[in-house]
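S.K.: Put chain B on the given structure of chain A with help from the hints.
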Amino acid sequence: MLATRGSVLLGAAVLLTGGRESGEDLLQHALERVLRHWHRIEGDPEGYLRRTMYNLATDRWRRLGRRREVLGPPPVVAIADRAEQIDLRDALVRALAHLPPRQRAVLVLRYWEQCSEAEVAATLGCSAGAVKSAASRGLHRLRELSGADLRTTEPRIPEKSVPEGRS
Amino acid sequence: MTTQLEDLLRQGMQRQGDGLAAPPRLLRDAARHNRRRRNGAAALVATGVVATGAGVGVSAFNGPAVHQAKPAAPTHSSAHSTSPRILTAAYVASRAETAIDASNAVLYTRSASGNGVTWKMWTDRRTGTNLGVSYDKAGNPLTATLVPGNGGRVTVVDYQTTSWWTYVPVTDPRHAPRLDPKAKRVNLNAFDTPAQIKAALADGNLTLLGQQRLPGRNTVHVTHTFDKGGLRLAMDMWIDATSYLPVRTAYQSPQLAKGQRAVNDLTWLPRTEANLAKLSLSAPTGFRHLSGPPKENLSGGVG
Numbered sequence: 009m010l011a012t013r014g015s016v017l018l019g020a021a022v023l024l025t026g027g028r029e030s031g032e033d034l035l036q037h038a039l040e041r042v043l044r045h046w047h048r049i050e051g052d053p054e055g056y057l058r059r060t061m062y063n064l065a066t067d068r069w070r071r072l073g074r075r076r077e078v079l080g081p082p083p084v085v086a087i088a089d090r091a092e093q094i095d096l097r098d099a100l101v102r103a104l105a106h107l108p109p110r111q112r113a114v115l116v117l118r119y120w121e122q123c124s125e126a127e128v129a130a131t132l133g134c135s136a137g138a139v140k141s142a143a144s145r146g147l148h149r150l151r152e153l154s155g156a157d158l159r160t161t162e163p164r165i166p167e168k169s170v171p172e173g174r175s
Numbered sequence: 017m018t019t020q021l022e023d024l025l026r027q028g029m030q031r032q033g034d035g036l037a038a039p040p041r042l043l044r045d046a047a048r049h050n051r052r053r054r055n056g057a058a059a060l061v062a063t064g065v066v067a068t069g070a071g072v073g074v075s076a077f078n079g080p081a082v083h084q085a086k087p088a089a090p091t092h093s094s095a096h097s098t099s100p101r102i103l104t105a106a107y108v109a110s111r112a113e114t115a116i117d118a119s120n121a122v123l124y125t126r127s128a129s130g131n132g133v134t135w136k137m138w139t140d141r142r143t144g145t146n147l148g149v150s151y152d153k154a155g156n157p158l159t160a161t162l163v164p165g166n167g168g169r170v171t172v173v174d175y176q177t178t179s180w181w182t183y184v185p186v187t188d189p190r191h192a193p194r195l196d197p198k199a200k201r202v203n204l205n206a207f208d209t210p211a212q213i214k215a216a217l218a219d220g221n222l223t224l225l226g227q228q229r230l231p232g233r234n235t236v237h238v239t240h241t242f243d244k245g246g247l248r249l250a251m252d253m254w255i256d257a258t259s260y261l262p263v264r265t266a267y268q269s270p271q272l273a274k275g276q277r278a279v280n281d282l283t284w285l286p287r288t289e290a291n292l293a294k295l296s297l298s299a300p301t302g303f304r305h306l307s308g309p310p311k312e313n314l315s316g317g318v319g
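Here the protein sequences come in this chain order: A and B. The first sequence begins at 9 in the working numbering and counts up by one. The second sequence begins at 17 in the working numbering and counts up by one.
FYI, nobody ran anything at the bench for these hints, they're computed from the structure. Keep in mind the model is a prediction, meaning the values are calculated, not measured. Heads up, none of these hints are tricks.
Per the computed footprint, the stretches of chain A lying under chain B, defined by three or more beta-carbons under 8 angstroms from a beta-carbon of chain B, are:
id, stretch
1, 9 to 16
2, 31 to 40
3, 53 to 61
4, 116 to 126
No residue lacks a Cβ here, since even glycine has one placed at the ideal position from N, Cα and C.
Pulled out of the complex, with its shape left as it was, chain A reads as follows:
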């Protein structure tokens, strides 16, 4: 499982904690839990591991309370050219640290793991409505923190994707 899905899981852990080392700690902690209860796991071990990891991350933030890790205020930038867009997307990721635990977890699941709202709800043990609300508030807060003038764009026409042997 780690060989095939380890990079995605570690990526989520790093985004949840804000750092490589703390991300590895979180993933290892979740693995410990999974191994401890391995004989009782019904179904998908990866799903169990993921749920455990997100719950641990949320609990950890709660426990740390005011001492929550903050990577420093994100720079206020505006979109003018591509270089600034790159700065902005990095700033957005750093700004995740300023979000409440649940909003942060929802955004990582939605935009890193590409989960649907229903899948996010199943992982976090809440309703799809709560997920939608947390995602909306989280994005709104990120917009405020980044200070960027980001506009809503129309849906783009996706590129055609054609399986081999098709035209």
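M.R.: Quick look at chain B alone, frame taken from chain A:
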């Protein structure tokens, strides 16, 4: 609706996670910590799993870890009462291949991926005839392709350019048309027809991950690893625990963004007249008939 903020956040996360790999020591350390805490029995389970991670080879996951941890087989019908108590990847693959061979169905596949394009596909297992239709986010059709099972001319309708054409598929690469190197080639790893799924089951690189409950059914979750374009990729498959027909696949593709996977929900429809009628394609009135595939759409066929 996609916002620029969402796009940038997604890109930022991908940038942050790019190149990350979970070091095997995480699993070793986790197991070691547990061994200190737990009694011998728990330590045994942990050691089994450590062997899986430390070996890195995916086939190691077929080994004792799953077998020790998951002794109970999924719910079987009475006809399958001779099923072994311990599931193995080879056993699941064999049962699934047999079930596909025995099915006399029209396979309906609904695919979705993170890029917003969805696919609907119908395949007649008996004749191999296949119709695939892609849709944009709003549900408007983009392209439809009908591939006859008898090797006849392939029909394509392009709803974006309001045109359609046919071509003869070329299977011998020596006779394939020269492609414009600037043309965008798409190289999707497709696992949405019975033949493709069966080939994945048969090639041996299958790992049993355990049992999982999907809506309305118990399934066995397996993963198939393969190399494509120099990348190591994986295709997850959920197989109905009673019929052993695959009901869902999910896989990575080089054409999708990192972290995105295409997810196919498979429905094995009875081979009725109504379902076979879905395997037909004709261009809407007013669509332009081209003499052959446009240059950018060449994909192993000639007009």
